[in-house]
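Taken in order, these protein sequences are the chains called A and B.
The letter at position 120 of the first sequence is residue 120 when you use the working numbering, and the numbering goes up by one with no holes.
The letter at position 143 of the second sequence is residue 143 when you use the working numbering, and the numbering goes up by one with no holes.
Hints are computed from structural coordinates only; laboratory data are not their basis.
Keep in mind that the hints are not guaranteed to be accurate.
Claimed, not checked - Derived lysine-lysine pairs resembling DSS-like cross-links, with alpha carbons at most 27 Å apart:
# : chain 1 : residue 1 : chain 2 : residue 2
1 : A       : Lys346    : B       : Lys62
2 : B       : Lys337    : A       : Lys346
3 : B       : Lys138    : B       : Lys181
4 : B       : Lys134    : A       : Lys346
As the list claims (entries may be wrong) - Pulled from the structure, derived: some chain B residues nowhere near chain A, Cβ distances all over 10 Å:
#  : residue
5  : Trp43
6  : Lys62
7  : Glu78
8  : Lys113
9  : Lys134
10 : Glu143
11 : Asp146
12 : Glu178
13 : Asp219
14 : Ser223
15 : Ala309
16 : Asp335
17 : Ala384
18 : Tyr393
We put the CB at the ideal spot given by N, CA and C, even for glycine.
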Amino acid sequence: MVRAALALPLLAVFVVPLLLSVALVLPDTFNAQGMNDVWQHPQFAGAFRLTLLTGLASTTLALFSSLLIVARSSRSLSSRAGGFLAVPHLAFAIGLAFLIMPAGILARIIAQFAGWSAPPAWITTQDPYGLALTVALVLKETPFLVWALASVLNRDDLRQAFAGQRAVAASLGHSRRSVFLQVILPQLLPRVIWPLVAVLAYGMTVIDMALVIGPTQPPTLAQLIWVDINNADPEVNARGAAGVVLLSGVILLVVATVAALLRCASTAISGFWSKGPHQSRLRLTSLRHLPQRGRRREAPDEVSSLWNAFRIIYVLVIATLILQSVSGLWVFPNLLAEHFTLSAWKRLLTDASPVFTSLALAILTATTSLAASVLWLESVPQSKDKGLLWLSAFALCLPALVIGLGQYRLFLALAISGTATAMFFAHILPVAAYVFIMLQGPYRGFDDRFRSAASGLRASRAHFLRQVKWPMLKAALFSAFAVGFAVSMAQFVPAQLAAAGRFSTLPMEAVTLTSGGNRALTAAYGFALMALPLIVFLVAVRMGRSRWRTV
Amino acid sequence: MLNRRHLLATAFAATALPRLAFAAAWSAIEAEAKGQSVYFNAWAGSDTINAYIAWAGDEVKKRYGVTVEHVKITDTAEVVKRVRDEVAAGKADGSVDLVWINGENFRIMKTEKLLFGPWSEAQPNYALVDVEGKATTKQDFSETVDGLESPWGMAQLTFFADGAKVPNPPRSMKALLEFAKANPGRVTYPAPPDFYGTTFLKQAIYEHSADRRFMSKPDDGSSGLLAEDTFTNFLDELHRHCWREGKQFPKSQADVTQMVADGELLVGITFNPNEPANLVAAGRLPATTVAWQHEQGTIGNTHFVAIPANAKAKAGAQVFANFLLSAEAQAKKNDIKIWGDPTVLAVQKLNDAEKAAFAAASAPGGVTLPGPTLLEPHASWVPALEKLWLERYGKG
Numbered sequence: 001m002v003r004a005a006l007a008l009p010l011l012a013v014f015v016v017p018l019l020l021s022v023a024l025v026l027p028d029t030f031n032a033q034g035m036n037d038v039w040q041h042p043q044f045a046g047a048f049r050l051t052l053l054t055g056l057a058s059t060t061l062a063l064f065s066s067l068l069i070v071a072r073s074s075r076s077l078s079s080r081a082g083g084f085l086a087v088p089h090l091a092f093a094i095g096l097a098f099l100i101m102p103a104g105i106l107a108r109i110i111a112q113f114a115g116w117s118a119p120p121a122w123i124t125t126q127d128p129y130g131l132a133l134t135v136a137l138v139l140k141e142t143p144f145l146v147w148a149l150a151s152v153l154n155r156d157d158l159r160q161a162f163a164g165q166r167a168v169a170a171s172l173g174h175s176r177r178s179v180f181l182q183v184i185l186p187q188l189l190p191r192v193i194w195p196l197v198a199v200l201a202y203g204m205t206v207i208d209m210a211l212v213i214g215p216t217q218p219p220t221l222a223q224l225i226w227v228d229i230n231n232a233d234p235e236v237n238a239r240g241a242a243g244v245v246l247l248s249g250v251i252l253l254v255v256a257t258v259a260a261l262l263r264c265a266s267t268a269i270s271g272f273w274s275k276g277p278h279q280s281r282l283r284l285t286s287l288r289h290l291p292q293r294g295r296r297r298e299a300p301d302e303v304s305s306l307w308n309a310f311r312i313i314y315v316l317v318i319a320t321l322i323l324q325s326v327s328g329l330w331v332f333p334n335l336l337a338e339h340f341t342l343s344a345w346k347r348l349l350t351d352a353s354p355v356f357t358s359l360a361l362a363i364l365t366a367t368t369s370l371a372a373s374v375l376w377l378e379s380v381p382q383s384k385d386k387g388l389l390w391l392s393a394f395a396l397c398l399p400a401l402v403i404g405l406g407q408y409r410l411f412l413a414l415a416i417s418g419t420a421t422a423m424f425f426a427h428i429l430p431v432a433a434y435v436f437i438m439l440q441g442p443y444r445g446f447d448d449r450f451r452s453a454a455s456g457l458r459a460s461r462a463h464f465l466r467q468v469k470w471p472m473l474k475a476a477l478f479s480a481f482a483v484g485f486a487v488s489m490a491q492f493v494p495a496q497l498a499a500a501g502r503f504s505t506l507p508m509e510a511v512t513l514t515s516g517g518n519r520a521l522t523a524a525y526g527f528a529l530m531a532l533p534l535i536v537f538l539v540a541v542r543m544g545r546s547r548w549r550t551v
Numbered sequence: 001m002l003n004r005r006h007l008l009a010t011a012f013a014a015t016a017l018p019r020l021a022f023a024a025a026w027s028a029i030e031a032e033a034k035g036q037s038v039y040f041n042a043w044a045g046s047d048t049i050n051a052y053i054a055w056a057g058d059e060v061k062k063r064y065g066v067t068v069e070h071v072k073i074t075d076t077a078e079v080v081k082r083v084r085d086e087v088a089a090g091k092a093d094g095s096v097d098l099v100w101i102n103g104e105n106f107r108i109m110k111t112e113k114l115l116f117g118p119w120s121e122a123q124p125n126y127a128l129v130d131v132e133g134k135a136t137t138k139q140d141f142s143e144t145v146d147g148l149e150s151p152w153g154m155a156q157l158t159f160f161a162d163g164a165k166v167p168n169p170p171r172s173m174k175a176l177l178e179f180a181k182a183n184p185g186r187v188t189y190p191a192p193p194d195f196y197g198t199t200f201l202k203q204a205i206y207e208h209s210a211d212r213r214f215m216s217k218p219d220d221g222s223s224g225l226l227a228e229d230t231f232t233n234f235l236d237e238l239h240r241h242c243w244r245e246g247k248q249f250p251k252s253q254a255d256v257t258q259m260v261a262d263g264e265l266l267v268g269i270t271f272n273p274n275e276p277a278n279l280v281a282a283g284r285l286p287a288t289t290v291a292w293q294h295e296q297g298t299i300g301n302t303h304f305v306a307i308p309a310n311a312k313a314k315a316g317a318q319v320f321a322n323f324l325l326s327a328e329a330q331a332k333k334n335d336i337k338i339w340g341d342p343t344v345l346a347v348q349k350l351n352d353a354e355k356a357a358f359a360a361a362s363a364p365g366g367v368t369l370p371g372p373t374l375l376e377p378h379a380s381w382v383p384a385l386e387k388l389w390l391e392r393y394g395k396g
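Isolated chain A, as found in the complex (with noise of 0.2 Å):
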């Protein structure tokens, strides 16, 4: 009984806010005139194919360059991801915009040899196509993707299950290429399912960067259902939720097609994975292989060029941020802005109440979820997992405009709208989901003999916790809770409403101050969105070292 009550903390923060949230707003989404208006649009058949497209290729192209990064690099990336994930997605779009686009960074540069006068009739951005968008999707989805699959690869348990089957296969002739293609990838793409179902939600309902980089005529579907929502005319709302739901339902329709399509050709897939290793590339690698000394592992430092090429571009953006938020007029063809000023960092910093609102609250729903995780995941069967992760998928699926809105009916409905309760709990729901999503698996992964030994050395339970079970698994613990950090900091929609003009967070006054269109300001707000995430990760990464690395 008392163990069952330690499952409580995370149904009362998450499942049932959750479910309350979305049984409130249900009703209004099965608008039958909504559903006609949005079928009416003039610009949903563009705008939906324009989302099918983004979506889609930004997240296969995503998937295949952290399989790659993952593939050739042999050091552990999970630590290295950190730093990317910290970057909010508006900032990086930002960044990435004023490096490509007509009047960026690089048509100055060429400016200069070709004499440019004026800004180029580049198509870099807003391209019909939304390749920009996907471009930048790629880029910011990539690294979350790479830190999801090195998570698995680094798992204590399987770190030496794979280890010992890459000696294995590589004993049966299978070439590095072979091993990670054939014998480790059929088992590390089932265990990131989930980020990449995370991964192709975000890009089908993303909406500050591709209101930055995508095109805008047709919008996309997200931008299109954004503008209706905000209209104060609630027939065009009906048509914004309708909108919404529709969206929800192509997400899952997708990720249901592609499941389906994966089931059917299981039998080839698995023909290939099956395969013995092949011929010619048996020969390439050996002839590669020579210099090295035997089959011993790797050099330790070697990492994917394609992870440095990322490494690169988000130096260049963070370094385009840093000098747009210190820039005045900066007339097209100059390298540097005319007049350099700190105004923006000074509006940034007069009123920092923001900064600490955001802070506590991020530090309270992150702590909040690791610890009601950790409860659950300590008194709760393995097999009621699956319950919640469908749920956490769920949550992290919906457009954060649903659960905005649910949760906003529900605050007023408990006369708490506006209240410090009701900004706990609009940032703890995507709080709760990544987390739980982040440490089920690391934690239910722990290998159970390890209990067994410390039961038969006759320590306690809460002993064994403290002195074996968390200090092997901080990693992971120190992780989720980075992650959880960085989803508060970069709560939204949700809080605004939940908020009522009684709180004020970092996010909320960076996209209010941006509407104006002040480049300085939204870089410096950029920047500081970012920096915060980042000092919690790089921390994380530190304390989550072990004392006792193996090998």
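Keeping the supplied structure of chain A fixed, place chain B upon it in accordance with the hints.
Leaving out everything else, chain B in the frame of chain A:
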């Protein structure tokens, strides 16, 4: 002369008594307002505007003991929905005390009875408002104000450019077309349903229809014909010479402004005639910037502040609104270095010291070629025109 004095005397006799009652009622409001917190929901995309609101808040705190909290929003429609939801949920002490509003949002709040009032004409400083000279202070787009909102500032569609690159600004839609032909890819406007894009579209229709007066009445179905006419005779051709050949459009006015600053576009668009000058002062546009309006006039309107029906601090909100209407606050707002938002007051009614505060030295980026104000068409035209535009140009 006699006649006029006589009239004035009668007017005074008729208004003196109610005035006294007014004054008593107003001091009761001031007394009630003391200690209240006013949550002022206002668009916060401009640092200069935010700074001005902060200043005004400090002043009413000092003078009347009213605390003003600026709730920073990106879109006033958010506030309309929030008030609607709160009223529907039976929340009497609402979260919004005062909202910066006009046009469609006002019409919706008025028709759905979400506004407190009438109150605005009872403010002591309302007497200074130029209701004769500025018709839009009583008529918000097509909707009569009826004392449900208090005028705050004036707006008129204005264009701007770097005078060094555009020595002869195009002062009509026809001239803009010629300019675009000479400078392909350097002209565009934000896509409707963005507010600025829709206004550009209305302005284009005004300049292409022989009789624009009937547009002050509800759309009787002629929007289709009217739009078709403007599309085929003007926009189709303009778009061919526009940025990205009129297949993509910037998403907002702020983007257009930034693209003008970058040199990617040559002509910018704004609703605040002093915004270009303000941006020059802020170092975001070059000092050679010029601003102009079309010879035949451009669409203009007024922006207001309103109190929701379920506001908690109604007295405090009125005291703050009245302060915003004072000669002092309006003069400061009018100052290009502060905000540059044109006043709603009749400056000629003010005393000399107050008048002097409005006498602005011409600043770089100010409107050098002004045009008359044209009234907004009836609100019912907007959704129809936006839909027609999207159908024709929104598909890429």
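Once the closest CB in chain A is found, is it more than 10 Å from Ala384/B? holds (13 Å)
Quick one: work out the minimum CB distance from Ala309/B to chain A and report holds if it exceeds 10 Å, violated otherwise. Since the minimum Cβ distance to chain A is about 15 Å, Ala309/B lies beyond 10 Å and the statement holds.
Run the C-beta distances from Lys62/B to all of chain A and say if the shortest one exceeds 10 Å. holds (20 Å)
So Tyr393/B supposedly isn't at the interface. Is its beta-carbon more than 10 Å from every beta-carbon in chain A? Non-interface label on Tyr393/B violated, nearest chain A Cβ at 7 Å vs cutoff 10 Å.
Pair hint outcome, Lys337/B versus Lys346/A [Cα-Cα no greater than 27 Å]: Roughly 18 Å between the alpha carbons, so the hint for Lys337/B and Lys346/A holds.
Beyond 10 Å from each Cβ of chain A, as asserted for Asp219/B: holds (16 Å)
When you look at the beta carbon of Trp43/B, is every beta carbon of chain A farther off than 10 Å? With a cut-off of 10 Å, Trp43/B comes too close to chain A, as the shortest Cβ separation is near 7 Å.
Beyond 10 Å from every chain A Cβ: check whether that's true for Ser223/B. Correct as stated: the minimum Cβ-Cβ distance to chain A is 15 Å, above 10 Å.
Check the non-interface label on Lys113/B: least C-beta distance to chain A beyond 10 Å or not. holds (14 Å)
Hey, is Asp146/B genuinely clear of chain A, shortest beta carbon separation above 10 Å? holds (19 Å)
Hey, is Lys134/B genuinely clear of chain A, shortest beta carbon separation above 10 Å? The assertion about Lys134/B holds, with a minimum of 25 Å to chain A.
Does Lys181/B sit within 27 Å of Lys138/B, going by the straight-line distance between their CA atoms? Since the Cα atoms of Lys138/B and Lys181/B sit roughly 40 Å apart, the hinted pair is violated (cutoff 27 Å).
In summary, the structure is inconsistent with hints 3, 4, 5, 7, 18 from the numbered list given earlier, while agreeing with the others.
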